[in-house]
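Q: Below are the chains, spelled out letter by letter.
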Amino acid sequence: MKQRNGTIPSMPTPAITGFGVYLPQFRIRTAEIAKHWGQDPSSITSSLGVREKTVAGSDEDSFTMAFEAGKQAIAMAGIRSSEVSAVFAGSESHVYAVKPTSGMLAAALELDPFCYCADLEFACKAGTAAMQIIASMVKSGEVSYGLAVGTDRAQARPGDALEYTASAGAAAFVIGPEHAKGALCRIERTLSFTTDTPDFWRASDERYPRHAGRFTGEPGYFRHVREVIQGMLELTKLKPRDITHLVLHMPNAKFPQKVARDLGFTEEQLELGLVVREIGNTYSACSLIGLARVLEEANRGDVILLASYGSGAGADALLCTMLKQGVRLPPDERPVEYLSYSTYATMNA
Amino acid sequence: MRDTPPIIHRLQKKRAQNFQEGTVLSYTVLAHPPKTFKGQRTIGLIELEDGTRVLAPLLTRHPAIGMHVHPRMRLSYVTNEKLRVYEVAYESPVDVPASVPEGSAILTRGFPGYILALTGPSGVGKSTVSLLLLQTFSEYIAQVPILTTRAPKESDEDEYVYVSKAEFDALHAEGKLAAATQIPSLTEDRWYGYRTSDIEAIWSAGKLPVVITEMHLLEQVANHYGRRSILSFGLLPPGNSKRKMLSALLHRLRQRGRDTEEAMQERLKNAEADLAFFHKRRDLFDHLLVNEDLESLMDVFRKNVPGLSEA
Amino acid sequence: MNREISLIGIGQTKFGEWWERSLRDLLAEAILKTLDSSPCTPLDIDAVIVANMLGEWTDDQAHLGALTASLLPHHPPALRVEAACASGSVALYTACALLESQRAQTVLVVGAEKMTNASGDAIQVALMGAADSEHDQPCGLTFAGIFALIAQRYLHDYGLTREDLSIVSAVHHRNAKGNPFAQFRQEITVEAVSESPLVADPLRLLDCSPVSDGAAACILSTKFKSPLRIRASQVSTDTLSLTERTEITSFQSTKAAVERAFAEAEITRDDVRALETHDCFSIAALVNLEDLGFAEPGRGIEIYKKIFEEDEYPFFLNRSGGLKACGHPVAATGVKQVLDVAKELQTAKLRFGLAHNIGGAGATCGMHILEYTNA
Numbered sequence: 008m009k010q011r012n013g014t015i016p017s018m019p020t021p022a023i024t025g026f027g028v029y030l031p032q033f034r035i036r037t038a039e040i041a042k043h044w045g046q047d048p049s050s051i052t053s054s055l056g057v058r059e060k061t062v063a064g065s066d067e068d069s070f071t072m073a074f075e076a077g078k079q080a081i082a083m084a085g086i087r088s089s090e091v092s093a094v095f096a097g098s099e100s101h102v103y104a105v106k107p108t109s110g111m112l113a114a115a116l117e118l119d120p121f122c123y124c125a126d127l128e129f130a131c132k133a134g135t136a137a138m139q140i141i142a143s144m145v146k147s148g149e150v151s152y153g154l155a156v157g158t159d160r161a162q163a164r165p166g167d168a169l170e171y172t173a174s175a176g177a178a179a180f181v182i183g184p185e186h187a188k189g190a191l192c193r194i195e196r197t198l199s200f201t202t203d204t205p206d207f208w209r210a211s212d213e214r215y216p217r218h219a220g221r222f223t224g225e226p227g228y229f230r231h232v233r234e235v236i237q238g239m240l241e242l243t244k245l246k247p248r249d250i251t252h253l254v255l256h257m258p259n260a261k262f263p264q265k266v267a268r269d270l271g272f273t274e275e276q277l278e279l280g281l282v283v284r285e286i287g288n289t290y291s292a293c294s295l296i297g298l299a300r301v302l303e304e305a306n307r308g309d310v311i312l313l314a315s316y317g318s319g320a321g322a323d324a325l326l327c328t329m330l331k332q333g334v335r336l337p338p339d340e341r342p343v344e345y346l347s348y349s350t351y352a353t354m355n356a
Numbered sequence: 044m045r046d047t048p049p050i051i052h053r054l055q056k057k058r059a060q061n062f063q064e065g066t067v068l069s070y071t072v073l074a075h076p077p078k079t080f081k082g083q084r085t086i087g088l089i090e091l092e093d094g095t096r097v098l099a100p101l102l103t104r105h106p107a108i109g110m111h112v113h114p115r116m117r118l119s120y121v122t123n124e125k126l127r128v129y130e131v132a133y134e135s136p137v138d139v140p141a142s143v144p145e146g147s148a149i150l151t152r153g154f155p156g157y158i159l160a161l162t163g164p165s166g167v168g169k170s171t172v173s174l175l176l177l178q179t180f181s182e183y184i185a186q187v188p189i190l191t192t193r194a195p196k197e198s199d200e201d202e203y204v205y206v207s208k209a210e211f212d213a214l215h216a217e218g219k220l221a222a223a224t225q226i227p228s229l230t231e232d233r234w235y236g237y238r239t240s241d242i243e244a245i246w247s248a249g250k251l252p253v254v255i256t257e258m259h260l261l262e263q264v265a266n267h268y269g270r271r272s273i274l275s276f277g278l279l280p281p282g283n284s285k286r287k288m289l290s291a292l293l294h295r296l297r298q299r300g301r302d303t304e305e306a307m308q309e310r311l312k313n314a315e316a317d318l319a320f321f322h323k324r325r326d327l328f329d330h331l332l333v334n335e336d337l338e339s340l341m342d343v344f345r346k347n348v349p350g351l352s353e354a
Numbered sequence: 003m004n005r006e007i008s009l010i011g012i013g014q015t016k017f018g019e020w021w022e023r024s025l026r027d028l029l030a031e032a033i034l035k036t037l038d039s040s041p042c043t044p045l046d047i048d049a050v051i052v053a054n055m056l057g058e059w060t061d062d063q064a065h066l067g068a069l070t071a072s073l074l075p076h077h078p079p080a081l082r083v084e085a086a087c088a089s090g091s092v093a094l095y096t097a098c099a100l101l102e103s104q105r106a107q108t109v110l111v112v113g114a115e116k117m118t119n120a121s122g123d124a125i126q127v128a129l130m131g132a133a134d135s136e137h138d139q140p141c142g143l144t145f146a147g148i149f150a151l152i153a154q155r156y157l158h159d160y161g162l163t164r165e166d167l168s169i170v171s172a173v174h175h176r177n178a179k180g181n182p183f184a185q186f187r188q189e190i191t192v193e194a195v196s197e198s199p200l201v202a203d204p205l206r207l208l209d210c211s212p213v214s215d216g217a218a219a220c221i222l223s224t225k226f227k228s229p230l231r232i233r234a235s236q237v238s239t240d241t242l243s244l245t246e247r248t249e250i251t252s253f254q255s256t257k258a259a260v261e262r263a264f265a266e267a268e269i270t271r272d273d274v275r276a277l278e279t280h281d282c283f284s285i286a287a288l289v290n291l292e293d294l295g296f297a298e299p300g301r302g303i304e305i306y307k308k309i310f311e312e313d314e315y316p317f318f319l320n321r322s323g324g325l326k327a328c329g330h331p332v333a334a335t336g337v338k339q340v341l342d343v344a345k346e347l348q349t350a351k352l353r354f355g356l357a358h359n360i361g362g363a364g365a366t367c368g369m370h371i372l373e374y375t376n377a
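Top line first, the protein sequences correspond to chains X, Y and C. Each residue of the first sequence is one higher than the one before, counting from 8 in the working numbering. Each residue of the second sequence is one higher than the one before, counting from 44 in the working numbering. Each residue of the third sequence is one higher than the one before, counting from 3 in the working numbering.
There's no promise every hint is true.
Computed cross-link-like contacts, SDA-like style, restricted to lysine to any residue with a CA-CA straight-line distance of at most 25 Å [unchecked claim]:
| # | chain 1 | residue 1 | chain 2 | residue 2 |
| --- | --- | --- | --- | --- |
| 1 | Y | Lys-285 | X | Gly-333 |
| 2 | X | Lys-42 | X | Gly-56 |
| 3 | X | Lys-146 | X | Val-310 |
| 4 | C | Lys-257 | C | Asp-62 |
| 5 | Y | Lys-57 | Y | Lys-169 |
| 6 | Y | Lys-57 | X | Tyr-123 |
| 7 | Y | Lys-125 | C | Gly-131 |
| 8 | C | Lys-227 | C | Ala-350 |
| 9 | Y | Lys-125 | X | Ala-125 |
| 10 | Y | Lys-78 | C | Ala-350 |
| 11 | Y | Lys-78 | C | Val-127 |
| 12 | Y | Lys-78 | C | Met-3 |
The set of hints was computed from the structure by calculation and includes no laboratory data.
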């Protein structure tokens with residue numbers, strides 16, 4: 008929508024113009040972990056709804072995975088990497104405590120050196136927070152294109168319940184103006200709900216996070232996801248049935264299924280983005296990978312509601328509309344390799 | 044190794060230009076690399092697309108000279124001062140094992156777990172392409188025979204193995220078929236399938252099994268062995284719209300003169316479904332080729348099938 | 003060669019693991035033996051050239067020219083030469099230059115290395131200094147790995163088998179039985195080579211020259227005469243890294259140096275009756291024969307097979323035992339090779355011999371042709 012003097016409008020609606028996903032080729036089945044700890048494999052698998060999870064190789068980390076996803080996203084967006092001038096990377100496993108993943112990405116992906124960069128942490132919602140920030144920068148005209156990344160090589164204490172689901176992966180989104188060639192999905196609105204809730208945390212000198220058991224449920228995940236979804240629906244005057252696809256943060260399959268049901272969404276709406284069943288919980292990349300899956304298959308005009316959750320706690324919501332038919336990612340031809348528990352433990356050491 | 048921050052900084056600036064696809068010129072597996080690296084390390088001398096050569100880790104477990112590789116960003120090691128050094132490593136998208144039997148002179152190629160599939164609608168010229176493919180690369184590939192319950196036809200070559208319905212059902216029940224599908228026709232119910240033993244025999248002979256197939260069988264083979272075990276090529280007729288493609292197909296079917304008008308119309312209906320399948324199940328195809336020029340098609344295979352580059 | 007340069011004295015230590023001897027001890031022993039075997043006195047030495055690659059790594063010791071010269075009472079002019087494993091031959095080349103220009107009339111050349119001071123891992127890293135620090139080192143390659151890449155390609159291109167490659171080390175060990183200075187003097191079987199532990203696929207432990215301590219020295223003179231003459235001294239270079247070469251199963255530097263050496267000595271290939279080549283790894287022995295023009299590409303093994311299976315040799319080939327059986331104290335090798343050629347010519351009364359020394363993966367090639375005028 009150009010103004011009469013031919014310039015681009017100064018407050019373009021932001022849209023996703025490219026996306027990428029990176030998953031390691033290693034997997035470990037829930038059953039394998041359960042057997043190692045002497046638990047009943049089928050009851051654990053069915054209670055979590057997660058069959059297997061991804062495992063990063065020992066030469067992979069949040070940076071290498073974010074790089075691969077970012078490269079794919081920029082390729083799909085069909086722009087030169089130097090046209091991207093902002094990158095925000097969200098993770099709970101940034102490779103350094105001080106020295107940002109986003110800066111390393113800007114250099115490795117050969118983005119515009121005059122680039123806004125910073126790392127984000129908000130447990131599993133750091134990736135969507137990055138999307139919100141980039142969307143705002145595009146909307147305000149501060150940048151033409153920006154890259155939002157969620158990446159994690161999630162660590163879980165061996166023997167802890169989290170071990171079944173804490174996995175590794177990255178997703179990246181190029182966000183630009185909705186009139187950009189190949190713009191895929193317009194971001195209509197974003198919303199966040201935040202409190203101070205000690206459901207899951209990791210002290211800076213600790214290797215593994217700690218969590219508060221069942222307290223992570225209702226006061227944590229359910230409350231915040233509910234608030235942000237209800238808030239978004241109210242703001243946009245939409246009803247659950249107006250949403251074609253619902254993508255939620257997925258610590259397992261049961262939590263999103265329950266909150267969706269409670270809020271009046273159907274299983275069909277949740278189905279496409281429910282990737283946790285095959286790849287586990289990729290933390291900051293989790294809901295982003297679910298969104299990517301939807302973006303591959305959705306049809307023009309489909310309305311997507313994404314709600315992620317980060318412990319500590321907060322929930323982000325993004326409401327989007329497909330501008331065209333979904334675009335498939337290039338297939339990953341590497342053979343998937345299932346690990347035994349001992350190989351998995353060595354790899355994670 | 045000197046790995047002070049200025050040295051690492053300069054080294055990492057050069058990384059971006061190595062992020063290209065390439066071909067393996069030589070490789071080795073180091074039993075005892077320098078202590079900074081943990082465990083064995085496979086290094087390749089790789090020629091990149093722009094002609095430059097690099098020495099870099101190979102992520103594939105079974106490297107082979109001539110193998111085509113893709114770049115990957117990987118962590119190389121962490122310095123004593125906890126700085127992380129990253130490198131571009133190279134992997135083969137399809138892990139093709141190459142075994143060297145004791146005392147043998149040339150690396151023999153074994154392809155266990157990996158199948159080449161060529162799928163296309165009737166009349167697109169699959170037989171012509173597959174015949175040339177099998178002739179050109181006869182040392183490396185072998186066609187998987189198609190089991191069928193229909194009666195032999197005069198126009199059949201030797202790509203079929205004819206079995207009775209009862210035999211077919213028995214094999215199916217015993218789980219000895221990698222794929223089985225029924226193609227209903229006006230005249231008879233025909234079942235088609237592939238025996239796992241036929242595929243395995245080709246692997247044991249050190250060759251790559253090729254299936255010249257249609258969409259249902261392709262889907263099933265992908266389900267049986269795993270999607271990533273198939274290097275899948277789709278063959279399309281020339282034409283930039285469905286209508287043009289269908290008319291090209293009809294023209295070829297008429298030229299072939301093998302079928303009655305009725306049978307041709309049926310083939311065309313199947314063809315329409317086939318073309319829709321290419322779009323809907325694009326995830327089952329690694330490459331979509333247009334059958335226009337046979338020589339350039341052979342080059343595409345040469346370039347994209349590991350091991351065939353030397354043929 | 004514009005002067006008549008005579009080889010008037012030779013001497014070396016036995017190569018091996020010398021825990022009780024330091025770098026200085028090895029230098030001194032080789033020099034004393036050399037002086038003992040020469041007609042000149044220590045005071046006749048006009049210049050000292052020391053070949054050494056790893057002094058800084060093994061001993062925190064640079065400045066080896068002055069250090070060695072102070073072994074002589076009159077502290078003659080001295081310098082240290084480094085060209086990785088070709089340091090020895092490049093030191094000889096430098097001596098010839100001083101002699102031809104008459105800046106010196108009698109020059110002492112000594113190559114020495116004290117590799118067992120450092121750990122195996124440290125030595126492996128140090129040796130990679132012979133390769134390219136920007137192209138070759140970052141991926142974690144070792145020198146065995148570099149020659150393994152060459153071997154892997156050679157096996158692929160020429161169909162050489164593992165058994166055949168094992169013949170090379172078997173021949174070298176057999177030859178060393180008659181060399182009292184060699185580190186290893188026991189024969190090894192082809193099977194033992196083929197089954198030795200894998201170092202870098204396809205190279206195995208017994209395909210690789212060992213880590214050794216040792217020193218070798220000689221005196222070259224235009225003033226004193228002897229029947230052993232240096233008829234050619236040539237050095238050529240190439241890129242350090244295989245990534246900058248068009249082919250990897252052949253060394254351009256050897257090919258360039260050998261033609262110039264034959265031209266300088268005014269002889270042909272057929273005149274060479276004794277050959278010491280640089281077999282840092284078994285595959286190098288084959289590549290060397292082909293680069294020197296004694297075999298067609300891919301057919302170097304035929305010469306080794308004839309020697310091993312039929313005891314037939316077209317010329318003396320690594321009769322000393324080569325680097326594999328003698329040991330390879332890096333910078334001493336180039337000097338030791340000339341000593342060995344000299345001894346072979348004298349003992350068997352042969353006229354011309356060639357010493358072929360390379361540094362890194364053929365990034366430097368140093369070549370010397372000797373003539374024994376009493377043949």
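Q: Each hint needs a verdict: does it hold in this structure or not?
A: Hint check results:
1. Proximity of Lys-285 (chain Y) to Gly-333 (chain X) is assessed by CA-CA distance (about 20 Å); at most 25 Å being required, the pair is judged to hold.
2. For the hint linking Lys-42 (chain X) to Gly-56 (chain X), the alpha-carbon distance of about 17 Å falls within 25 Å, and the restraint holds.
3. In summary, the hint linking Lys-146 (chain X) to Val-310 (chain X) is supported, as the alpha carbons are separated by about 20 Å, within the 25 Å threshold.
4. Our distance criterion of 25 Å between C-alpha atoms is broken by Lys-257 (chain C) and Asp-62 (chain C), whose separation comes to about 36 Å.
5. This hinted pair does not check out: Lys-57 (chain Y) and Lys-169 (chain Y) have alpha carbons roughly 45 Å apart, beyond 25 Å.
6. For the proposed pair Lys-57 (chain Y) and Tyr-123 (chain X), the alpha carbon gap of about 23 Å is at most 25 Å, so the pair holds.
7. For the given pair, Lys-125 (chain Y) sits about 24 Å from Gly-131 (chain C) by alpha-carbon distance, which is consistent with the 25 Å threshold.
8. The suggested pairing of Lys-227 (chain C) with Ala-350 (chain C) holds, with an alpha-carbon distance near 21 Å, which does not exceed 25 Å.
9. With a C-alpha separation of about 21 Å, the suggested pair Lys-125 (chain Y) and Ala-125 (chain X) falls inside the 25 Å cut-off, and the hint holds.
10. Simply put, Lys-78 (chain Y) and Ala-350 (chain C) have alpha-carbon atoms about 48 Å apart, too far for the 25 Å limit, and the pair is violated.
11. Annotation: proposed proximity of Lys-78 (chain Y) to Val-127 (chain C) holds, straight-line Cα distance about 9 Å (limit 25 Å).
12. Restraint check for Lys-78 (chain Y) and Met-3 (chain C): the C-alpha separation of about 47 Å exceeds 25 Å, so the hint is violated.
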